[in-house]
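Participant: Add chain B to chain A, keeping to what the hints say.
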Amino acid sequence: MTAKEKSRPSAGIAEVSFLRKHLLLIIGAIAGIVVTLFVTNTLFDGSMEKMTGTETWQNILLVNALVGGCILLFVVELKRQAIRVLLTVIVALLLGFLVTFIFNLDSADRFARGEFRAQVVSEAEPVENDDVDLEYNKRRGGEFNKPNVVAPVSEVAWTFAGREGDVVSLLAYAKNRRSDVNVLVELRDETGAVLAAASSATELQVEETFDDLVSVRDAVIEGFALPADGLYTLYTRPEEVETGTVLAEAMSQSQLAFEALLLGPIERVNRWGVWIQDAITLILLGMSFAIVFRAQQFSLGAEGQLYFGALVSGIIALNSPHVPGVILIPFIILASATAGFIYGLIPGALKAYLGANELVSTLMLNVIATRFFEMVLNFQLKPADAGYVASAKFTDNAVLPVIVESTQVTIAVFILAVVVFISWLLIRRTPLGYEIRIIGSNLRFADYGGVNSKRTIMLVMAIGGIVAGLAGMHLANGIHRQLILNISFALAFEGVVVALLARLNVLVVPFTGLLYAYLRAGAQFMERDANVSFEVVRMIQAIIILLITAEALVTFFQARQKRADIDETGHTVESLEGADV
Amino acid sequence: MPIIETQSIHKIYPNGVHANDDIDFSVEPGEIHALVGENGAGKSTLMKILYGLEQPTSGRVAIRGDEVEIGNPQDAIELGIGMVHQNFMLVDSFTVAQNIILNRETKQGVRIDFAQAAEDTEALSKEYGLAVNPEARIADIPVGMRQRVEILKALYRGAEILILDEPTAVLTPSETQDLFAAIRSLVDGGKTVIFITHKLKEVIEISDRVTVMRDARKIGTVNTAETDERELARMMVGREVFMQVDRPAVRRGDSVLSVQDLTYADSSGHQLLKHVSFNVYEHEILGIAGVEGNGQTELAEVLTGLRPPTTGEAYISEEQILGRGPRSVREHNVAHIPEDRLTNGVAVWSSIDDNLIIDRYYREPFTRRGLLDINAIVENGRELIREFNIIAPDGAIPVSALSGGNMQKVVVARELSSSPKLLIAAQPTRGVDIGAIEFIHQELVDQRSNGLAILLISADLQEVMKLSDRIMVMYEGEIVGIFPNDESLTEERIGYYMLGAERQPAEEMERQA
Chain A
-6 MTAKEKSRPS AGIAEVSFLR KHLLLIIGAI AGIVVTLFVT NTLFDGSMEK
44 MTGTETWQNI LLVNALVGGC ILLFVVELKR QAIRVLLTVI VALLLGFLVT
94 FIFNLDSADR FARGEFRAQV VSEAEPVEND DVDLEYNKRR GGEFNKPNVV
144 APVSEVAWTF AGREGDVVSL LAYAKNRRSD VNVLVELRDE TGAVLAAASS
194 ATELQVEETF DDLVSVRDAV IEGFALPADG LYTLYTRPEE VETGTVLAEA
244 MSQSQLAFEA LLLGPIERVN RWGVWIQDAI TLILLGMSFA IVFRAQQFSL
294 GAEGQLYFGA LVSGIIALNS PHVPGVILIP FIILASATAG FIYGLIPGAL
344 KAYLGANELV STLMLNVIAT RFFEMVLNFQ LKPADAGYVA SAKFTDNAVL
394 PVIVESTQVT IAVFILAVVV FISWLLIRRT PLGYEIRIIG SNLRFADYGG
444 VNSKRTIMLV MAIGGIVAGL AGMHLANGIH RQLILNISFA LAFEGVVVAL
494 LARLNVLVVP FTGLLYAYLR AGAQFMERDA NVSFEVVRMI QAIIILLITA
544 EALVTFFQAR QKRADIDETG HTVESLEGAD V
Chain B
217 MPIIETQSIH KIYPNGVHAN DDIDFSVEPG EIHALVGENG AGKSTLMKIL
267 YGLEQPTSGR VAIRGDEVEI GNPQDAIELG IGMVHQNFML VDSFTVAQNI
317 ILNRETKQGV RIDFAQAAED TEALSKEYGL AVNPEARIAD IPVGMRQRVE
367 ILKALYRGAE ILILDEPTAV LTPSETQDLF AAIRSLVDGG KTVIFITHKL
417 KEVIEISDRV TVMRDARKIG TVNTAETDER ELARMMVGRE VFMQVDRPAV
467 RRGDSVLSVQ DLTYADSSGH QLLKHVSFNV YEHEILGIAG VEGNGQTELA
517 EVLTGLRPPT TGEAYISEEQ ILGRGPRSVR EHNVAHIPED RLTNGVAVWS
567 SIDDNLIIDR YYREPFTRRG LLDINAIVEN GRELIREFNI IAPDGAIPVS
617 ALSGGNMQKV VVARELSSSP KLLIAAQPTR GVDIGAIEFI HQELVDQRSN
667 GLAILLISAD LQEVMKLSDR IMVMYEGEIV GIFPNDESLT EERIGYYMLG
717 AERQPAEEME RQA
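Heads up: the protein sequence lines correspond to chains A and B, in order.
Counting along the first sequence from 1, when you hit position 229 you're at 222 in the numbering used here, and nothing is skipped either side.
Counting along the second sequence from 1, when you hit position 246 you're at 462 in the numbering used here, and nothing is skipped either side.
Here chain B stands alone, though its shape is the one from the complex:
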């Protein structure tokens, strides 16, 4: 008998969006069930229904064979359902133990028994192999441990069924492996795990069965042993997807960007970049690997003029570009795909046309004799929409009407059409669906083959390894290694450098830079 079973769940949001369309979904006790689908496929909605955060418009939910109504998360917890959200819901200033017992405190009179809490945490942590330090403050512990705290919190509340919403998005490869080990021990201990993701490789690795969703519908449930990434991708996207990027060997050319001894400290004096030196060459993609928050963001923003450097120089064709503002950098033919398109990559309430000219509106042919040439702007929009396959009726609609993938295509179209010599691409495929990822990857590689120098920053190590000609690893604002991307380079090896466990000798690094 399935532990969770839903029958023809429909969810229509008040704004008319049909987020779940006739979903029959069932999970067997003791299995690891992966739920995959692109952004907006309805996975989160379905899980929110199971956790009581949303009510289905129609349809039935049965837990252990009994039909139930889950009106709020409290009901879900009583039914033994726990959920670990993508954004952790922890109190930063509390200790691990305090967070775990929050709202379930054992009391001595009116005093909360913190010693007992720590003991309980310790015991729970041992039982499931989820190592945490009960006395540490949340603010002081790494992301991987915070996630374990979240899981322990759910277990402490008696969860038998754990829903993990994209748990690996914030983890390094080795942390991911730790998490997978923990999940396996949870299942051995009789728990059931629902694992939401869109990384197919992880699905294959960890799950027993997979349910694929697309466009609010369930496409199917398959045994993991009987499928592969390619089939799952096809189910997710609805057509054949080429997971591999065709990256022809090209001889790299001259140095385009030369960074020398770059240091950056923020206003509170934290050294976020320490003596960074490297080159990016024509016909080359230089990938930066590293756990997020190790200086990659600052590097991109200093190089593109959004932040002033503390010391150091960067040259493009012999000209120093740092500290002169974004327009000056752009006029040296540097393009920039920012890491968070919604923050500064697009103006969502402006039209696509307007978004496509932010770097060139003041030049001919867009401005003539002091006035904007609307025809030129519209024509530019029309051309780029066609060329970059942006799905939109015309360039007059606001960017907010586009899906994440198409928004990113707007950014990519603008940046690549500025005929750059250097492209700084930060998280170019974050939050983008598989179809658009494929397109963007191919576009980056094609441009590189045509001579563009690309500095690629991505939190997705697989992406870095797939696209880069060389890989540079950053740890705590420093470059800890630069490697040619050949067969000898493995994810594991890079992982050690990412965690700061290893460091390339200085001479070797200099030779590779």
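In isolation and in its complexed conformation, chain A is listed as follows:
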């Protein structure tokens, strides 16, 4: 296995790389345009009038175009790996569907319980008898298998008196549309022998003959002539639920749930807004982690930096009610970035010059930042008459201008675009970025080559802090428009997933952030729209995240493991080459 042989296939690829590069561009562009159009189309139900009737539709279109652009970047940057990411998402969704399905297996149970009514319909004269349960044309009801009662009713047998020749119809049915109980009905004589039985009704019976019936699931024995005078029994109970019904029910419920998951976030503009505004936060946080991880620094300080950024921008906002927005907003942006920078610089300096493990120090700094934030909020910022812990609402001049009506999609979109561009420029096109990449690839090589790795490590953690600080500003001045407790909703750590999923590529982070935010929003709407409990939604979401992260982590750790192997067996190159090339 000489190097010559190894290079042979790649040499072939080199010749077609020109074409392939453009092919990727084309594929990415098509995917981007398709998604832009699809999202916009779904948002407005395909109606041009509805779109142009919306006030800020141009901006919606612009944001959707940016979403398409993110997809283009994703395809072009990750190349073949993009397929792997997509496959993982698809597999994760299928698995999520399976779980939803399993949790919906009990949804057919509703056919076996619920409120019901029963009556004997007859045009004949009622028989006078005080000892019977039913009289002709009188409804009687109850609830089958009521949950959480000591002795739930599972069947009823009600007697009625009849004369020979009376033509009766026996009805058992769900009380109303809220009850899905699926009953059968039997007519029995005094000895208990079954004279007639039914488990369903015809369309005609439901629509025309009997007003009380709700659906064809209800049971009707129509026009039975009683054979003799005496007492008869109307017996009714829920039908046994068949396996086929159980599966079909679970399937249709799961489909409903997944429709909500997959299309929920783009059904209406306000939901779309939730997706986009969450995505902005996640992308900023993912970008922060991607930059720091790029230098193999496992700083988890984004949360603290976010709180610090939010606090600083919030304090400025609360204290400047009369400064015009054009001046105040840029100032707030700058201040939150500086706050993040400083709060990132601290663990950076601790790591670089004192050797403090960045994982531990950043987690501790997170605690300090969040508690400090809470303290200031509680004792300094909370208005005296406030019923809960929150600052006053910001004045309009301090709120990021909204660009899409009825959402909180603000000019943060443009700030984000600038951040992405600068991050790319930093990592790929500056000497500092080169140092970051080399340190991430092999710290000892960087030292050997004369890179001032201490300074670079400190700087990269501070730069990550800038972006996280901006995320805090977006949360405070863009979304909540005041300072509240738990302003991050633990989003910071989800930024880790976004960064890993993007393989720490700053140009892919926007896509993975959008994808991740979409799943989060979708899960939220799944819970709201479908018959899936909050816990199940959370589990499905966790499964999806787990799989996606696992896939990203596998690649991430494989690379680290290989590196470790090489380090350990550096001089036994042969065994390494024999085993894994």
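One thing to keep in mind: the hints can contain errors.
Said to hold, decoys possible - Selected chain A positions facing chain B (Cβ under 10 Å, derived; list incomplete):
# : residue
1 : 102
2 : 426
3 : 441
4 : 443
It should be emphasised that the hints constitute simulated quantities derived from the structure, not laboratory data.
Glycine residues also receive a C-beta, built at the ideal position from the N, C-alpha and C atoms.
Facilitator: Below, chain B alone, put in the same frame as chain A:
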């Protein structure tokens, strides 16, 4: 009847690497059979199959004529096959005897009979002339003895066939001679030895027959008496190899590097360099010989700014360079080929292009107005790949995709293209195949002929003797001798200095420095 015979062994690793391709290999009882080939030729895989560490994808293995399946090393040991790995598998805190009987203890009740163990070890050691001290702890004994312990361990487990994986890589010349003597006595005692190496000189010296492997295939088996190094090299590489480097005589110029009374102690206070003084001149390769771990690594790292000196100075063109960090050293036109390229010579997950600019990325033309000039970086990569014959489709691929030899060429290309005045080259050809060794040697000599001063550090004494104009021997952090490399200097003589048995008088050393 051969004691080991394999028929059409194929081994394909799960990742698709075809490591053994149709190998017919046979070893006669009582012979010393050398197995040679470049890194990645498949020698280790074949031996792992024989020792049960790997299973062949297809093919048959017969021991003493019976077809066998060797599922794990336990099976191999039962069949009388023992293997001495390149990395010793010994428990450092145990004694020699304890290591030897490990897993084969004689017991008195539940107590292990250590007296018996020591006796057994003693007897075994006498029988095969493998001198060890049964009571010494592994941590306290030298590498050569550890190796003998490994061999004894295999013999104690009843090995009839011993596989030695690159046994001489860690030994000094005299230790190598001891090992060879031991191997001969093993064979006299009826054992069979398979000897894996890529040092052809040793093959000629010790083996009865040689099997050469290349690119997962067996190239052939020849009687050692009927071949020579040149032929074996040709079989290994697949083309004519020039073993000799053309080193024209050049008059050395002025001193480029002047080291004065350099001392270095590590953080725990161990004196690793003691009062080292020497000069390296223009047009000269100064080779440092010495058993590894005698201060060579520290010397290179102190001189290149990776470690701060404790005391002492080093001057390049009258300027003190020590203690100011690697960048400052590099800006004084010092280039450095580090001893372990994977540790700090390359960043394997970065592209070749990025690896080629680590010393210059911040300067014009690679950085202009604060931004990297990608075109300049790619162009630099393209030029060096061509000039140094690095086999790669382009500079964008990660260094991890390259073979050891090509990785080393990346390092050499970067360091030599920085137009240095002084090159500190540590183990420049370690783990590199013969073709690349030839290239790197020639490149070093050519640069020296063009005026470069080179400080060459190598554990391979032959390499030092082949390339150097002067040879400096280090022992326990001290310089024990400096010699002009002429006919009067022999490996044996240097060997004595390497082991600390001899020491040059101070005046003579000063005159040579």
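Participant: All hints are to be evaluated individually against the structure, with a verdict given for each.
Facilitator: Verification of the supplied hints:
1. 102: The hint is violated - residue 102(A) has no Cβ within 10 Å of chain B, the shortest such distance being about 48 Å.
2. 426: holds (7 Å)
3. 441: holds (4 Å)
4. 443: holds (3 Å)
The structure fails to meet hint 1 from the earlier list, while all remaining hints are met.
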